[in-house]
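*Asks:* Throw the hints in and build the complete structure from the sequences for me.
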Amino acid sequence: MMTISAPTLEIAVLVLGVLILLVEAFAEKIDKRTLAFTAMLGLGAILVTSFFLAPVSGNGGLWNFYTADPLAIFFKRFALVTTILVLVMMIDYAPVVRQSVHGTTHQSGLGEFFALPIFTCAGLMWMASAIDFVMIFVSLELVTVSFYVLVSFTRRNPATLEAGVKYLILSALSTGFLVYGITWIFGVTGETNLARVTAMLADPAIESGPALFGMVLVLVALGFKIAAVPFQMWVPDVYQGAPTPVTAFLSVGSKAAGFVVLLRVLQPFFMMPQMAKALTIIALLTLLYGNLAALPQTNLKRLLAYSSIAHAGYLLIGVVSFAGEAVSYYLVAYLLMTLLSFAVLVVVANQTGDNIADFSGLAKRSPFLAFAMLVAMASLAGVPFTAGFLGKFYIFDAALRHHQTALVVVGVITVACGFYYYLKVVRAMYWEGSPLDVPVPVSRLSRVAMTAMIAAIVVLGVYPQPILNALK
Amino acid sequence: MILPFIVFCPIVAALAILCGAPARRTALWAAGFTLAATLLTYFEFDAGRRGFDFVVSYPISEAWRLNFTLGIDGLSLIMLLLTAIVTFAAIWFTGPIATHEHAFHACLLLIAGGALGAFASLDLFFFYAFHELALIPTFLLIGIWGSGNRHAAAWKITIYLATGSFILLLGLIMLYRSVPEAARSFDIRALQKAAALGMIPADAQSSIFLVLLIGFGILVSLFPFHTWAPEAYASAPAPAAMLHAGVLKKFGLYGLLRVALPLLPQGAQQWTTLLLVLLLGNIIYIGLVTIAQKRLDWMLGYSSVMHMGYIFLGIASGTLLGTNGAAVLIFAHGISIALLFGLAGEIRQRTGTLLLSDLGGLGKIMPRAGFVFGLAAFASIGLPGFANFAGEVMVLFGAFRNGAEPYRFHIFQVATVLALWGVVISAVYMLRAYRQVFMGTMPERWSGVTDLRRSLHVPIGLLIAVTLWFGFFPQSFVRIVSPTFRTYFAPK
Chain Z
-19 MMTISAPTLE IAVLVLGVLI LLVEAFAEKI DKRTLAFTAM LGLGAILVTS FFLAPVSGNG
41 GLWNFYTADP LAIFFKRFAL VTTILVLVMM IDYAPVVRQS VHGTTHQSGL GEFFALPIFT
101 CAGLMWMASA IDFVMIFVSL ELVTVSFYVL VSFTRRNPAT LEAGVKYLIL SALSTGFLVY
161 GITWIFGVTG ETNLARVTAM LADPAIESGP ALFGMVLVLV ALGFKIAAVP FQMWVPDVYQ
221 GAPTPVTAFL SVGSKAAGFV VLLRVLQPFF MMPQMAKALT IIALLTLLYG NLAALPQTNL
281 KRLLAYSSIA HAGYLLIGVV SFAGEAVSYY LVAYLLMTLL SFAVLVVVAN QTGDNIADFS
341 GLAKRSPFLA FAMLVAMASL AGVPFTAGFL GKFYIFDAAL RHHQTALVVV GVITVACGFY
401 YYLKVVRAMY WEGSPLDVPV PVSRLSRVAM TAMIAAIVVL GVYPQPILNA LK
Chain C
80 MILPFIVFCP IVAALAILCG APARRTALWA AGFTLAATLL TYFEFDAGRR GFDFVVSYPI
140 SEAWRLNFTL GIDGLSLIML LLTAIVTFAA IWFTGPIATH EHAFHACLLL IAGGALGAFA
200 SLDLFFFYAF HELALIPTFL LIGIWGSGNR HAAAWKITIY LATGSFILLL GLIMLYRSVP
260 EAARSFDIRA LQKAAALGMI PADAQSSIFL VLLIGFGILV SLFPFHTWAP EAYASAPAPA
320 AMLHAGVLKK FGLYGLLRVA LPLLPQGAQQ WTTLLLVLLL GNIIYIGLVT IAQKRLDWML
380 GYSSVMHMGY IFLGIASGTL LGTNGAAVLI FAHGISIALL FGLAGEIRQR TGTLLLSDLG
440 GLGKIMPRAG FVFGLAAFAS IGLPGFANFA GEVMVLFGAF RNGAEPYRFH IFQVATVLAL
500 WGVVISAVYM LRAYRQVFMG TMPERWSGVT DLRRSLHVPI GLLIAVTLWF GFFPQSFVRI
560 VSPTFRTYFA PK
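So the sequences go chain by chain: Z and C.
Counting in this note's numbering, the first sequence runs from -19 upward without gaps.
Counting in this note's numbering, the second sequence runs from 80 upward without gaps.
These are computed hints drawn from the structure, not numbers from a lab.
Don't take each hint at face value.
[As the list claims (entries may be wrong)] To spell it out: a stretch of chain C is covered by chain Z in this simulated footprint if at least three of its residues, at any positions, have a beta carbon under 8 Å from a beta carbon of chain Z; those stretches are:
{"#": "1", "stretch": "161 to 167"}
{"#": "2", "stretch": "244 to 257"}
[What the hints assert, rightly or not] Sample of chain C residues facing chain Z (criterion: CB under 10 Å; computed from the structure):
{"#": "3", "residue": "Phe87"}
{"#": "4", "residue": "Pro138"}
{"#": "5", "residue": "Ile139"}
{"#": "6", "residue": "Gly150"}
{"#": "7", "residue": "Pro175"}
{"#": "8", "residue": "Leu219"}
{"#": "9", "residue": "Ser226"}
{"#": "10", "residue": "Gly227"}
{"#": "11", "residue": "His230"}
{"#": "12", "residue": "Thr237"}
{"#": "13", "residue": "Ala241"}
{"#": "14", "residue": "Ser285"}
{"#": "15", "residue": "Phe476"}
[Unchecked claim] Only some residues are given here: those of chain Z computed to face chain C with a beta carbon under 7 Å:
{"#": "16", "residue": "Leu150"}
{"#": "17", "residue": "Asp377"}
{"#": "18", "residue": "Tyr410"}
{"#": "19", "residue": "Trp411"}
{"#": "20", "residue": "Pro415"}
These numbers were taken from a predicted model, which means no experiment stands behind them.
Every residue, glycine too, gets a C-beta built ideally from N, C-alpha and C.
*Replies:* What follows is the structure, given as structure tokens:
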């Protein structure tokens, strides 16, 4: 029997992406949506393959900067699922792209729109496995560069252009911080491999100050990726301006990758009390800022941007409490509920718009979409029997175990804020009357994807064991 | 297997209604089946038995030792009975609904299912989660079908209860963590065993009890966390107010009796004084506020906040008699307040107002409503013969007995004496409201108002019969709940 080792997965994803680009370039006549379907099928096949991997083997060579531990495999699957769902959204979003991209044919530009996320996915998957600073940097860049293009894809829309420029400049800046930080750490320890950096730092002969300085710089760069305060400035504008599926991808994929790297990178530095203190303060600020700034929002995309900052705060509580498992579970819940709300948003925005007021009376126009959004919002707010609640439960449990009283108290208060702004969407859908009475069309593919996400949110909210098993 | 049926019958019916089953008929059948199954359990229940009966358990997560466990003892049984009765009455009271009839009934059934699940759960996680299940339906019920300033009221109750719930969640996790690793569990029976062996240290007990008291207190509208209640009940559609004030709010009290008292006896003792002060706030301060109300729905809302004070007094009393009385009062108050809110809803439907100064003389044209309202008001005041009387007497005697010495008053005796004035206060506002609504001269514009429809005799009769039965035969009630409480006060 042929054995497949973990790196094959990324290679397969890359090959898939290149193939789709080639087809897009040389077959002008085909319906570009076929490309998206092919990509989804291909990624699905790779997802299935990931369950039949050969156990990790080998030392040296590749395995110096690449690992295939359960956490890595878990987040590879996470990236694949995210990308597939984002592609579903992109198909629904295609009409908007057509309107705002120049071209000779009516489907110009769509091919690249469907192909780029595959490269991002490859980057995310590599990042999940990276245990060496160089590898981390390279895969992070693969993700970021493909996002540069994706964020400004609908380039005839000025808001999108603004988002693109903001993302480009700030992202480049954070990359600078990352490289600079890595050089400091390398300068002190002479190593880039995380395990060996850890070993070196344990040596009392090594001066830890410069290494800590380097780590702080790395933290700044990662803070940018996960949208932690005070590195969150770009989030609201970029999220609002970018094409909606890209926003969803950015808020789930990019954030998850940032947290995986954070979990791996922080390990050697957590022995230092200064580090834990700094992270606690960042977590507190992120919780407060994200939740409070979300309160007055009237645009749903912007609201979800602030909500993504808020959730970064809860995730940071988990990081500070050394609860990798809790963070991973929370990220899964976050993936489901965020993508579900963006999926509904894409469909509804096609008809009316992306302000909360545009959701008025959705319960009448499309009971299914309204229900899907209700489940997503309930889960984001943290109502029991949804994955979002169990995630918070897990995080608070970890925080109490580590006596993080301040974080827990602020966490609970901000949860109450969350109820307010998430239920604002529910209010619009169910309380308010509808300005127009036309039913919202939903494609069958989206309907299936949304139903699957609703089911997953409820099932994981009651029975978390599959995720916990996958992490072991 | 009867407990899963009782819990999931309303929830499944709610889903069926959302999928298109005929709303009112399905809801009524589901409530009827639930009531029948609960009555069956009530008669099957062996009161002499110690511990939990009808236990079923399904594993959920080994890592957290989390199981979905249902089981009841006497205390849970009477809570289930209360929920089943009030749910049945509330759904029967529901008139025709103009918009989203399906969603309305589904929300009601979800609240009922959440309450039933919370009362039947033996696992703290599900005990908590089931209660929260009712949060969003309540928000929708008040926001969509409410009256008056319904949007503000819906926000307020939702944010308040969400905050309270998460504080409660913290308390429960702290409780879970306070037990040594080997004995750690969410199972109430395992925790009781651990507590009996003294595994929960005293300083941990103190902080956990305070967190639980605040969490549960917000959910039960303990003074000064009560402001959500009157506004929400005044705005809610009558069936929702019946269910929430009658049943769901009692979750906090049930939680104190089920979790906080037996597991954290030392913590409870430490915070007794604080609890006494707060509950006197409920009885005296809120009592006076109730007198000042100008609208019937607000008055009923405040009165329900005020009566929580007596139940808290029973819980704080630290005597078997007082705790039994608290349980009786939980039940009795649930029944009487549900009836009052149901009737107020009927009056609002006919007149469009509940402003006391606008009403008057309705007794002439609504004799049946007047008679029933009178009975419910008497019950609520605590006149002898009604279950409320039995409960209040037991609570007051129980509290008075705590630390009593001849010729000397300690804090409990003072508190009891002050609490007694509450009876007078409730007589003042209830009788005054009765007079302003049903007696006096009737404004001309109400002359076309009709009396209660005859079909309502079923739920009204049921509610009154139950409260009279337990009023005349409180021992049939105490016999069931006291085995539970006796273990709390067993000599160590």
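*Asks:* None of the hints should be skipped; say for each whether it holds.
*Replies:* Comparing the hints with the structure gives:
| no. | hint | in the structure |
| --- | --- | --- |
| 1 | 161 to 167 | violated (count 0) |
| 2 | 244 to 257 | holds (count 8) |
| 3 | Phe87 | violated (13 Å) |
| 4 | Pro138 | holds (9 Å) |
| 5 | Ile139 | holds (6 Å) |
| 6 | Gly150 | violated (19 Å) |
| 7 | Pro175 | violated (19 Å) |
| 8 | Leu219 | holds (6 Å) |
| 9 | Ser226 | violated (13 Å) |
| 10 | Gly227 | violated (14 Å) |
| 11 | His230 | holds (7 Å) |
| 12 | Thr237 | holds (6 Å) |
| 13 | Ala241 | holds (4 Å) |
| 14 | Ser285 | violated (15 Å) |
| 15 | Phe476 | violated (39 Å) |
| 16 | Leu150 | violated (34 Å) |
| 17 | Asp377 | holds (5 Å) |
| 18 | Tyr410 | holds (6 Å) |
| 19 | Trp411 | holds (5 Å) |
| 20 | Pro415 | violated (17 Å) |
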